[in-house]
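Taken in sequence, the protein lines are chains B, Z, P, R, L and H.
Everything in the first sequence is counted per the UniProt record's numbering, starting at 1 for the first residue and increasing by one.
Everything in the second sequence is counted per the UniProt record's numbering, starting at 1 for the first residue and increasing by one.
Everything in the third sequence is counted per the UniProt record's numbering, starting at 1 for the first residue and increasing by one.
Everything in the fourth sequence is counted per the UniProt record's numbering, starting at 1 for the first residue and increasing by one.
Everything in the fifth sequence is counted per the UniProt record's numbering, starting at 1 for the first residue and increasing by one.
Everything in the sixth sequence is counted per the UniProt record's numbering, starting at 1 for the first residue and increasing by one.
If you are wondering where the hints come from, they were derived from the structure by calculation, not from laboratory data.
This one's a predicted model, so the numbers in the text were calculated from it and none came from an experiment.
Possibly wrong hints are sitting among the right ones.
You can't tell identical chains apart in this list, so a pair holds if it fits in one copy or across any two.
[Unchecked claim] Quick list of in silico lysine to aspartate or glutamate cross-link-like pairs, EDC-like style, CA-CA up to 20 Å: (1) Lys323 / Asp59; (2) Lys178 / Asp147; (3) Lys189 / Asp154; (4) Lys267 / Glu245; (5) Lys323 / Glu93.
Single-letter residue listing:
There are 6 protein chains.
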Amino acid sequence: MNPALATFGELLLRLHSGGDSRFLHTSGYIPYYAGAEANLCVLLARLGIPAQYVTRVPDNDLALAGIAQLRGHGVGVEKVLYGGRKLGLYFSETGNHIRPVQVIYDRAGSAFSELQPGMVDWESFLKDQTHFHWTGISPALSATVADVCAEAIDIARSRDLVISADLNYRSRLWQYGKHPNEVMPALLKHCHIAIADLDACNVYFGMTTDPSLPWTRRFEIAAQELQARFMPETHTLAMSFRVPENDRLHYTAALMSGGKAYFSRLKIALPQVKESIGTGDAFAGGLLYGTMTGLSPQETIDFATACGVLKQSVPGDWPLFSKSEIEAMVAQGINTRISR
Amino acid sequence: MNPALATFGELLLRLHSGGDSRFLHTSGYIPYYAGAEANLCVLLARLGIPAQYVTRVPDNDLALAGIAQLRGHGVGVEKVLYGGRKLGLYFSETGNHIRPVQVIYDRAGSAFSELQPGMVDWESFLKDQTHFHWTGISPALSATVADVCAEAIDIARSRDLVISADLNYRSRLWQYGKHPNEVMPALLKHCHIAIADLDACNVYFGMTTDPSLPWTRRFEIAAQELQARFMPETHTLAMSFRVPENDRLHYTAALMSGGKAYFSRLKIALPQVKESIGTGDAFAGGLLYGTMTGLSPQETIDFATACGVLKQSVPGDWPLFSKSEIEAMVAQGINTRISR
Amino acid sequence: MNPALATFGELLLRLHSGGDSRFLHTSGYIPYYAGAEANLCVLLARLGIPAQYVTRVPDNDLALAGIAQLRGHGVGVEKVLYGGRKLGLYFSETGNHIRPVQVIYDRAGSAFSELQPGMVDWESFLKDQTHFHWTGISPALSATVADVCAEAIDIARSRDLVISADLNYRSRLWQYGKHPNEVMPALLKHCHIAIADLDACNVYFGMTTDPSLPWTRRFEIAAQELQARFMPETHTLAMSFRVPENDRLHYTAALMSGGKAYFSRLKIALPQVKESIGTGDAFAGGLLYGTMTGLSPQETIDFATACGVLKQSVPGDWPLFSKSEIEAMVAQGINTRISR
Amino acid sequence: MNPALATFGELLLRLHSGGDSRFLHTSGYIPYYAGAEANLCVLLARLGIPAQYVTRVPDNDLALAGIAQLRGHGVGVEKVLYGGRKLGLYFSETGNHIRPVQVIYDRAGSAFSELQPGMVDWESFLKDQTHFHWTGISPALSATVADVCAEAIDIARSRDLVISADLNYRSRLWQYGKHPNEVMPALLKHCHIAIADLDACNVYFGMTTDPSLPWTRRFEIAAQELQARFMPETHTLAMSFRVPENDRLHYTAALMSGGKAYFSRLKIALPQVKESIGTGDAFAGGLLYGTMTGLSPQETIDFATACGVLKQSVPGDWPLFSKSEIEAMVAQGINTRISR
Amino acid sequence: MNPALATFGELLLRLHSGGDSRFLHTSGYIPYYAGAEANLCVLLARLGIPAQYVTRVPDNDLALAGIAQLRGHGVGVEKVLYGGRKLGLYFSETGNHIRPVQVIYDRAGSAFSELQPGMVDWESFLKDQTHFHWTGISPALSATVADVCAEAIDIARSRDLVISADLNYRSRLWQYGKHPNEVMPALLKHCHIAIADLDACNVYFGMTTDPSLPWTRRFEIAAQELQARFMPETHTLAMSFRVPENDRLHYTAALMSGGKAYFSRLKIALPQVKESIGTGDAFAGGLLYGTMTGLSPQETIDFATACGVLKQSVPGDWPLFSKSEIEAMVAQGINTRISR
Amino acid sequence: MNPALATFGELLLRLHSGGDSRFLHTSGYIPYYAGAEANLCVLLARLGIPAQYVTRVPDNDLALAGIAQLRGHGVGVEKVLYGGRKLGLYFSETGNHIRPVQVIYDRAGSAFSELQPGMVDWESFLKDQTHFHWTGISPALSATVADVCAEAIDIARSRDLVISADLNYRSRLWQYGKHPNEVMPALLKHCHIAIADLDACNVYFGMTTDPSLPWTRRFEIAAQELQARFMPETHTLAMSFRVPENDRLHYTAALMSGGKAYFSRLKIALPQVKESIGTGDAFAGGLLYGTMTGLSPQETIDFATACGVLKQSVPGDWPLFSKSEIEAMVAQGINTRISR
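Chain B with its partners taken away, still in its complex shape (with noise of 0.2 Å):
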């Protein structure tokens, strides 16, 4: 059966203030679809990899703009629920050298945070899938999604689908009581693919590192314990890494597979980051492909890698790179040299 993958997730628009200007000067809003498992699936069927989708919006036009970009860039749409009250949304305002990018989130109470278990009818949804995915930003909107989440990893579970889930730990969601250490573990005991971070450890697991030792052994011991405590079914497992190296942040990342740490052959220096969203996506997105696709596990964290720089180059949240421009940053690293 060829690879087919399914995901859950909540589409947001996010409203950008161009030109570098802050919300309280700006005089203009840019629109981007959003979201970590919509921006996964456009890169997955931009690569050739048929990718489902099931979300929750209402049926207006601003939310049907998000399902028609969606669509274009061949993410498969049909399931897409409609129906609630708003979608949705996210304020941004660029970041740069000397301050963060600022959100505002504006998603209580959206169509997809009111989805109720047996809404979405996951046996037809999950059927001729072969991946599931699905990421720690759904537990954490309301009670109920993260119901819908362990419906659907049940379901996908007695399809025999493999199931990939990005940690993706939000402090400022999870406002509806329960703590994420209450909901999670239970969610991704049953994950065979995991994007994880040392942060989320922490506040789903309680696990530690010991921040004095190397990157790559902060790596391999949270890797081991994750699989060896918490995650028992998974088989792979990155997690991306900033890195300071000669007073700049270098980008790289590392693997665990088969119980052997795979580091990533790219580290790059980032000095001038267009756009920091999304880039965990991408990564995410760029091991699932290289997971799906049969690359040898030192060929898919070197993917995943260039996925996730090439990411910090594209304003918004759609990962628009291809295919070739992946490949060759996995075989020259970065070169600006122009083509003409």
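With the hints as your guide, set chains Z, P, R, L and H onto chain B.
Chains Z, P, R, L and H only, in chain B's frame:
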């Protein structure tokens, strides 16, 4: 005591799709701060009448940018409450002579709509004020805001303020399980100055007028019935009209004062409207201005009509025109000659 | 068998000089994807009719961005051919009530204009379709594209598809050494549904009608002559008109069906046209929609006229309006009241 | 000797508030270079008449950008003087059918307004020229510029140039302590070609005409009086008019030549004016073009009127339209059909 | 008495060429309101310190828009004088790591530069204030403004206000025939708080320091000499520095207080500066904030340095950042991690 | 005889996707006129060297707008030929430190590429000129343009002009069936001044240099071999280099003159390049300027390097910087201090 206005209502951020684009293909949203009552305050403050505004907004830069604009135009915002999860929003799409303006509200769950009785310190807010203004939009938002309206009206009455109300019926609001006719009559009973329209009269009070009558006659009948049956304390009651004449709509207005009808001397053809949103608020502001500064009924309705006309030439929701522009419109009607 | 449309034509990138600027001083071009047949597909797909589109574009991101937009609006683009050196372009400059829209074509040598017979697999493309639509623009591009039209029509006839054609005469094309009257009559002979206009009738067939007659009578005469002499298989033939009345142009249309003339109940004054480009394609799309879904001739011509009117309110070439907007236009004509 | 024009006036930078915004809330200004005489030069140079322009600007990039635009349109700028402290500026705000265009001048103390007699080498500048054109704006700027006008006129007379003047009264200038009627009569006495208007006639010469007369008659009376009493050398005298007819203003014009009045065959309704600034300069340029190239009086006034009409369709101050567009306007009036 | 600041200076409109364009080819100017003293007021008002501002501007909408922004940020503008002919302007062109920012002033003859002694009612303006702040820009504009500075300082002294001055030398001003060393020493003699720089010390007082010394030592020498010889009443004196280190400039600062030097704990590499204009004003504002609210000298210089750093991340002249952003910068230095 | 330059090449319209967007999601294209030879002419004309340009463009406003820009910058365009079907275009997408600039050419079939021998009147064009400049882009376009190059070089030689050539290899051109090494050697044989690069040497002449050598040595070897074997008449030969040093690329250059190598005193780190397009043309222009005005070889290569550096700070293709900026760069290297 010099006239001084207190108002109460929701501050909104409008996100307007620029360049005549539809939601489906816009590449940018222009932010305009808005709200029927805020619009009116801006007009009065710019005309030199002290205007205090109370609303509730979240404590983030999206809201603070709007508060700063109000303060910049001279509106008193010292009593604004900070709290809640989101700022009320609406998205708009430019209309034209073929298609109407499209509006998508995103104000459910806003900081203002979750306002509760007791939150506003009305005694302090209404101290030193002579007039209190509210509109039919507030009770349409939630049961608790309707209660806050009642609370405010009670205290305004106890302090002998002149109460002014704009009936402002919005069919897409009123989502909380009450029909307007269960809520509005009690609130409007103690109104001294009213800006009404035939639709609202129908929805709130079940009143109808014969559409085959001339608009002037319909106004007289409706005004008399409103005063006689539903709003017995109203001494000043105005309506604006878009009257078809020679195949074009003309903007004009009428005022009932002391039992006598006054018709605006301005009847302006408006074939190309820049911005229809906010027209009614500017009209209401002009009416209050005339009333508060002792203009005669005829002067008042002419001034108010000129405000309504001028608003249609200004993008965004704020009524950004000057007293001299209003007076020139009253004196000469439309005159597009360049002054240089 | 449910109705399903196959179309064929050139996808263009339009570069529109923004902000009412002329080419001589513009500081930016807005990209709109376009093409008479693509425009029609977008309308039908958005109205729920399966619409397949075949074209030929180079394999670069300028073209892929347009294909993604078509896919996003629901048009089937699986059979698009990739190859050739350049995408067809046109530059446009906004017109106004003083100056006409200016168009500069840059489509010579485009991937589509170099299409050769045999390149499109028509059997596969027309399989499972019920209707085939083409326009007079394609045979105007090159001798080989004219041959491809003939090829397509042959196979469509052999498969018993309903053939629809928009006569669409473009005087600036036809640069390859043939006069339209050497090419078009043979292609139009087997057309069942036609969108015509008096200019094209004159150029293609040498037909004239007396300009002193009323437009309704000119329509009847022309339609009868077209069917009697040149397009014998045509059962449905429509034309749109811009009729001067009271010093203003009014947009309306007529349909000949079963030998009987139907005149649109809509006759809309259009003093301020946002965007005149694409009006005819929207009209043609509305006509096909009515025909394919079994509307009566009167309903069909009203629906088509409403589509033509609404297109004039939307910037760009895609007909971005909804079925409910079309139906409201049919029912009420123009109504610019804000719904809120 | 082939016709060749020398002009003299202030080059201005106009800062135009974009997007229909008012000064109070604009987020950007579009720079347009401008100046009544520069506008006229651009028209003539684009129509193929050699046009030399002298002005004085500071030696900075704000000014040089404007000089480069003039040179780009073919205007001779070799004699421009560099010096002084600031470029003349004006800020503008789009008008519409409700509000007039707003202009804020910032030209006091400009490099041009500080021009002194003796600075321009008139003998060299006027060598090889046949016509000299100036406008009433220059003497309105400062006493020294008024003196420079007189200096230029003297030398033009001594070289037997045809002298043309646009009366161009600007009420907001004339801040240096003289009333126009103390300055203008002496300057206009030696004018051969004049573009006048009834306001300027009143201010400069104290002339009035009976407003109850038809505009054609008022023109005849005013033209005769001007020639008889104030401008005895004038052989060609034109005025443009905005004539109300059927509730709309129509743009038209008249010319007195050889004692005979000619009325433009164009009378164009202008309900939606894109840009009213520069209309008079384009009209004046058309008049000079006709006179300099030997058109008949009727052809000249038609040509000039068409220039005035077309300017109203072009944003900015330069008259960016072509001879073929002017001739089409003369021949057919307004025709908004797309050519494609 | 709670601290309360009075300031005095020119309000400017900056017209900034957008999109990295040069003056020679820009297609738009972004308006930012500005002025060294206004910038400082905005920072203090936003930090909660009452800040009154007096300036003189013409009574037009260009100026009123700037006054409204000041009022919006909480600055007291009740005493602003209206009159004069023009608002001070400056044009700017973005610099980058290759070319410096270009500035073209257009402020000669501005309403403020024509301010005369006696126009400002200093007694009334300085009543209820604790601090008075002025900068070296004002005396550079005209002899009369220099006299107004002296007038203000006299009254501030008579009212026992703390006087603060930013030396702010601008080489392109000082066009009225005086050398700064003829004017500034007398004005600075009575200054309690000073923001200085080595260039200004040289121009105003003829002081030099040995450039081969480390910047810390140069600061100490200069500060001691300034206090000892020229500004005997100064108890708090600060300078900011751009120190080259590892091939990059680092922004840092030093403070002399009570005869002791304090060096900022922040030394921030600034390879990509968004906006260098306004850095010094933000630094000065931070210094005043620390002094007025009782921070220790070390806290004060750290706070001021953080303000200077943050300003470099904000387009435009206003210091639009919050107290919590300043405190985070003091605590952690640069941290560009997204909070979400 | 004063130096005077004649150049020949294709004028292009570049459509640049604004705001860092990719082709896939851009909402606008900025038009920049371009062309290697036109860029060089603009630099020389702005520096005061007479520069004549011949090209062939269609007679439409897209082309005329570009010609007007050239004329505006002082380039002689009197001999430009009008005809043909389309203007050469290229689309570009901003690169960054992660991704290279993307270019999509659309110049096949352009008016220039269809130029035939005999069309340009070279005798007339080269009359009164001292230098003739061409680049390797022209012969890459079509066989007939290569022939026109040969024709031009013959006549330039017969008139004893100094011939200058920029080798400028473009791998995406050369689509007409010839390898560059079949065409370029004969054309370059008679070149006196050359701007070369190691890639072009390899493609045109099969020359290689050992990459393990330092760049200075590679330059010397290549320059000697070029002169000895392929371009015997060349007396001045320059190359620019991007040299990695301390982990960053540095821009610098070298010149061989009279058998001696000169290395630029400028070696500028360029971590953030605004605009890499046009760098080589600015460098070539600087080289010609130095040669034509009698600078010493060292001065020439420093001047040329400064031009190449400054171009990287200017958006678009024209080298919009001044002689004083070049001289400041030569004297001080990079200095980003604001002058005010």
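Cross-check of the supplied hints:
| no. | hint | in the structure |
| --- | --- | --- |
| 1 | Lys323 / Asp59 | between (34 Å within a copy, 14 Å between copies) |
| 2 | Lys178 / Asp147 | within (13 Å within a copy, 32 Å between copies) |
| 3 | Lys189 / Asp154 | within (11 Å within a copy, 58 Å between copies) |
| 4 | Lys267 / Glu245 | both (10 Å within a copy, 19 Å between copies) |
| 5 | Lys323 / Glu93 | between (30 Å within a copy, 18 Å between copies) |
Consistency with the previously given hints is maintained throughout, with no hint failing.
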